[in-house]
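Asker: One-letter residues, chain by chain:
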Amino acid sequence: MVKKKIEDFLVTGNHRLNTEYFVLTLRSEHSLPAIFPGQFAELRVDHAGNPFLRRPISFFDVDREQHEIRLLIQEVGAGTQQLSMLDPGDTLNMIYPLGHPFTMVEGKDFLLAAGGVGIAPMLLLGRTLKQAGKRPVFLFGFRSEEQVFDLSAFEALGEVYITTEDGSMGKKGMITGHPILETGIFDGCYSCGPEPMMKAIAKIADGKDIFCEVSLENMMACGIGACLCCAQPTLHGMKMACVDGPVFNTKELLW
Amino acid sequence: MVDLQVNIGALSLKNPVTTASGCFGYGSEYSDFMDISRLGAVFTKAVTKENREGNPSPRMAETPSGMLNSVGLQNKGVEYFISHIYPSLHQYDTVFIANVSGSTLDEYVEVAERINDLEGIPAIELNISCPNVKKGGMVFGTNGESAAEVIRAVRKVYRKTLIVKLSPNVTSIPAFAKTAEDAGADAVSLINTILAMAIDAEKRKPVLATVTGGLSGPAVKPVALRMVWEAYHSVNIPVIGIGGIRSASDAIEFMLAGATAIQIGTANFVEPAVSVQVLEGIMAYLERHGFSSVRELIGNLEMPEGFERFRPKTF
Chain A
1 MVKKKIEDFL
11 VTGNHRLNTE
21 YFVLTLRSEH
31 SLPAIFPGQF
41 AELRVDHAGN
51 PFLRRPISFF
61 DVDREQHEIR
71 LLIQEVGAGT
81 QQLSMLDPGD
91 TLNMIYPLGH
101 PFTMVEGKDF
111 LLAAGGVGIA
121 PMLLLGRTLK
131 QAGKRPVFLF
141 GFRSEEQVFD
151 LSAFEALGEV
161 YITTEDGSMG
171 KKGMITGHPI
181 LETGIFDGCY
191 SCGPEPMMKA
201 IAKIADGKDI
211 FCEVSLENMM
221 ACGIGACLCC
231 AQPTLHGMKM
241 ACVDGPVFNT
251 KELLW
Chain B
1 MVDLQVNIGA
11 LSLKNPVTTA
21 SGCFGYGSEY
31 SDFMDISRLG
41 AVFTKAVTKE
51 NREGNPSPRM
61 AETPSGMLNS
71 VGLQNKGVEY
81 FISHIYPSLH
91 QYDTVFIANV
101 SGSTLDEYVE
111 VAERINDLEG
121 IPAIELNISC
131 PNVKKGGMVF
141 GTNGESAAEV
151 IRAVRKVYRK
161 TLIVKLSPNV
171 TSIPAFAKTA
181 EDAGADAVSL
191 INTILAMAID
201 AEKRKPVLAT
211 VTGGLSGPAV
221 KPVALRMVWE
231 AYHSVNIPVI
241 GIGGIRSASD
251 AIEFMLAGAT
261 AIQIGTANFV
271 EPAVSVQVLE
281 GIMAYLERHG
291 FSSVRELIGN
301 LEMPEGFERF
311 RPKTF
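Protein chains in written order, with the working numbering: chain A, 1 to 255; chain B, 1 to 315.
Don't read these hints as lab results, they were simulated from the structure. Check each hint, because a few of them may be wrong.
Dumping the calculated DSS-like pairs for lysine-lysine here, alpha-carbon to alpha-carbon at most 30 Å [to be verified]:
#, chain 1, residue 1, chain 2, residue 2
1, A, Lys4, B, Lys76
2, B, Lys178, B, Lys156
3, A, Lys108, A, Lys130
4, A, Lys3, B, Lys14
5, A, Lys130, A, Lys171
6, B, Lys205, A, Lys203
7, B, Lys76, A, Lys5
8, B, Lys156, B, Lys49
9, B, Lys14, A, Lys199
10, A, Lys199, B, Lys205
11, A, Lys199, A, Lys134
12, A, Lys203, B, Lys203
13, A, Lys199, A, Lys130
14, A, Lys108, A, Lys5
15, B, Lys203, A, Lys172
16, A, Lys203, A, Lys172
17, B, Lys76, A, Lys3
18, A, Lys208, A, Lys251
19, B, Lys76, B, Lys49
20, A, Lys251, B, Lys76
21, A, Lys203, A, Lys130
22, A, Lys5, B, Lys14
23, B, Lys14, A, Lys4
24, A, Lys130, A, Lys251
The calculated label-pair distances, taken between Cβ atoms and stated as ranges, are [claimed, not checked]:
#, chain 1, residue 1, chain 2, residue 2, range
25, A, Glu252, B, Asn143, 39 to 45 Å
26, B, Ser249, A, Ser168, 51 to 57 Å
27, B, Asp3, A, Asn50, 34 to 40 Å
Some chain A residues flagged as far from chain B (calculated, every beta-carbon gap over 10 Å) [claimed, not checked]:
#, residue
28, Glu29
29, Glu65
30, Asp166
31, Gly170
32, Asp187
Where a beta carbon is used, it is the ideal one built from N, C-alpha and C, also for glycine.
Chain B extracted, bound-state conformation (with noise of 0.2 Å):
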């Protein structure tokens, strides 16, 4: 039997599949189709300070391999998942990561305090990367003094694995990787969804009612593995990858890009069972090329002779 099992600083995962906030609701919306208790772990939906209704419709445009939406945070706010959602968790044998989201660095704290008392959640994504919001998500992941005050605010508060969500419309990722290190952070995610718009020709209007919105899927992909590369060079803290992966060949490329664990976000839509499938392909990878541990793969990347702009790197 090969060791799947992986490290987010002090958090352990019992393998690296896990599933991307806003694409799993909070799990259950899923139990028909597979065994959530195979999860390596479960981000949940993001969570708010106060109940959002999101953005007005259309919130969704279909786009070649992959989607545009501008959902908006929609969720009822924090107290409302302590008292509602929290409670059900436990029936499932996984880890529930609490994605934290906010429109104030005031508001990022005090979602972040209160899950900080929740013993059954073990670690918070900080969500510093939402395209879809006027206020916060973006606005504080794109712009590093910042990023970096909301994530050392949430740090002062926060005492177990703080997980730091970054977006990919930035300039530089290891810029701002390195700042969430720096800051506090105990392990990156990324790619958040790429700002995007879809047209209507026809209509001659934007397609979602807030104009633009967040690509996400297989089109991400390549992007989102250069990024997810980056970022593991940059910072020595672990990095979780995520990007149109619907498959386990996708997974374990995350992984050989330098991904401890990787996210499967829109392939959920697509395939409710498809995170299953991903950690059964992976068992079978390591098994057909003979490695022991899953953690082998990480970064494991051969790259061209001469090479130089990241050296290899050893923990």
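This is chain A alone, in the form it adopts within the complex (with noise of 0.2 Å):
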């Protein structure tokens, strides 16, 4: 297993998409470990203690060469606020590389299934799954056309399919409504956002007896399954999304 580290990295970017998203880029002294799709690092946000936990923050993009880690974060609360007021030159200290990340199963075809900020590790795992001579599909979930972002990145991987709840781009409605499920033929799907959504996507791959893993939220304390408090009932269980996840394959869960 790869050794955990913490270590303060440099702000070298705070890009604004739109009202609610925004991606930090980030580069260390050194070179990174290794990081697969899926995995998340702890953010201390304030050292004077408010908010007073580390964010657990999935990562949205490596770029080995320069040292460089990119995340896509959502403004939901305080924690997130103070980070999206982060400045270049600013510092900003992580634990990481942590969880248990997606895994690579045989066959070609793989819908990629997430809503809101679940689409974060949705690249790193596009581009795995790319290099590894595979088919992504990306079918993405937005409130309304006000959240949706520059998807080119995942356009270079593979198609991408948008629904939006008003309607005001893309398809009308949740992903899980989306005509791709019933025509695309995918050997599995991987998904990340709002549990009733992966659960409805669970169902789906369920019923055509595919693969299908997905990326939990619980609330974290600590991040390295000492605390316990990010308990996840299972077939084998009580597991952590902290280390024994996020990714789950839903054959697996009891939820």
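Could you fit the two chains together into a complex? Lean on the hints.
Answerer: As structure tokens, this is what we get:
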């Protein structure tokens, strides 16, 4: 297993995508350890203790040559709001790489279905699939057009389908109602986003009897398997989302 | 070189900095970040007689300067501890103290008895103060008679250092500290978490699946400090201070209030190497103030003139 590190990263970019999302670019002085799709980092937001806990954020992109990591973050509360105000030149302390990543399995065609900030781990995953000679197809759900950001990095890897709840862009409704789920032929799917969405995707995958993994967002404190707060009931007993997950095969989950 | 050694009953610790039960796993979770062998002791995650799955999720809520948890003593039981965890503890040059919990008096006794046989574990911390289980835990620790009964029963079978972890959810800390001492405890540790609650206003629901949980983190520190100070003046056994410690200054404050050693809990979740930083900070403080031994800090608090609640104490 890769050794976990605590490290101060230099903020080299903070790019605002829209009113909700921003991308932080962070540079290490050292070569990066192996980082796999679905893994995450625990970010120290504030040294004065408010908010008190670190924020678990999954890796959006990794540039090994530049020693750079990119994180796609949605502003949802006090912690992510403070992160959104970081400027180039600031430092950000991270514990990383954490968690059990997505699994590569046999097959050629894979659906990567995500909603909201659940899109974050799908870029690294899509690239890893593509590099392994597989075909990723992305299906992303947003509330409305204002939430949608530049998806060209995904388009470079495979087809991208979009749904919005209000129909302002792409197909109207939830991703679980998108026709690609019926017409597409996939060897497996990966999903990250709101729990009802992941459950619906898991049900569809189950109906087609194909492989399905999801990345859970259980509330975490430590991120390293010590506090036992992010418990997830599974067929094999209680598992921790931070070390046994966040990625789980849906056949294992009791949810 | 300053003398950092402290004594908890018959047990000698190489320094007063330890990590709190439930906040440091069994040590190995933190080995990527720090040298576990630098710690005075590690208090293990609670051990119960049988496997416990713990409470349903969500088990955690972040609160101002702290957090609530309702983990509910999740662990794989004493047999698993003995066969799978205990053998791996020898790799570290520190003292492991098993935190013992149960739902019934018999369970406490049985687990204590099993752990008594383990040569490498010189002490237990009797957890009669967990607020997150329906039976046992705090039920024992908030009733004087049942606290005395469980401590006496464990004392009969446990022959090494017996530390009793006290609950802050009582009216009188002096009374419970005295109860523990009279029932045969070699030391008391306090505080466990404070019974608390968090509510999601948007959803109009409690945040925790168990509705209530235990508050920990810097938010509880002033309460813990007062309680450690009260306990120190109420008993003639060592007191171990716990509650919101995240810096050397916090740790020193607890020792001045009367703690012989301290436990670092929730702060480990934020800074995995915090305990080593606290230890180094204590060493720098001792040097800066010209102390030759860390033991000189214990209860070394100058009180306002005319303050009469507690007399200066000598052992």
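Asker: Does each hint fit the structure? Answer for all of them.
Answerer: To see whether the hints hold, each was checked on the structure:
no. : hint                               : verdict
1   : A:Lys4 with B:Lys76                : holds (25 Å)
2   : B:Lys178 with B:Lys156             : holds (18 Å)
3   : A:Lys108 with A:Lys130             : holds (10 Å)
4   : A:Lys3 with B:Lys14                : holds (28 Å)
5   : A:Lys130 with A:Lys171             : holds (25 Å)
6   : B:Lys205 with A:Lys203             : holds (28 Å)
7   : B:Lys76 with A:Lys5                : holds (28 Å)
8   : B:Lys156 with B:Lys49              : holds (18 Å)
9   : B:Lys14 with A:Lys199              : violated (52 Å)
10  : A:Lys199 with B:Lys205             : holds (23 Å)
11  : A:Lys199 with A:Lys134             : holds (25 Å)
12  : A:Lys203 with B:Lys203             : holds (27 Å)
13  : A:Lys199 with A:Lys130             : holds (26 Å)
14  : A:Lys108 with A:Lys5               : violated (34 Å)
15  : B:Lys203 with A:Lys172             : holds (26 Å)
16  : A:Lys203 with A:Lys172             : holds (21 Å)
17  : B:Lys76 with A:Lys3                : holds (25 Å)
18  : A:Lys208 with A:Lys251             : holds (13 Å)
19  : B:Lys76 with B:Lys49               : holds (9 Å)
20  : A:Lys251 with B:Lys76              : holds (24 Å)
21  : A:Lys203 with A:Lys130             : holds (25 Å)
22  : A:Lys5 with B:Lys14                : holds (27 Å)
23  : B:Lys14 with A:Lys4                : holds (28 Å)
24  : A:Lys130 with A:Lys251             : holds (25 Å)
25  : A:Glu252 with B:Asn143: 39 to 45 Å : holds (42 Å)
26  : B:Ser249 with A:Ser168: 51 to 57 Å : holds (54 Å)
27  : B:Asp3 with A:Asn50: 34 to 40 Å    : holds (37 Å)
28  : Glu29                              : holds (18 Å)
29  : Glu65                              : holds (25 Å)
30  : Asp166                             : holds (21 Å)
31  : Gly170                             : holds (28 Å)
32  : Asp187                             : holds (31 Å)
The structure is inconsistent with the numbered hints 9, 14, although it conforms to all the rest.
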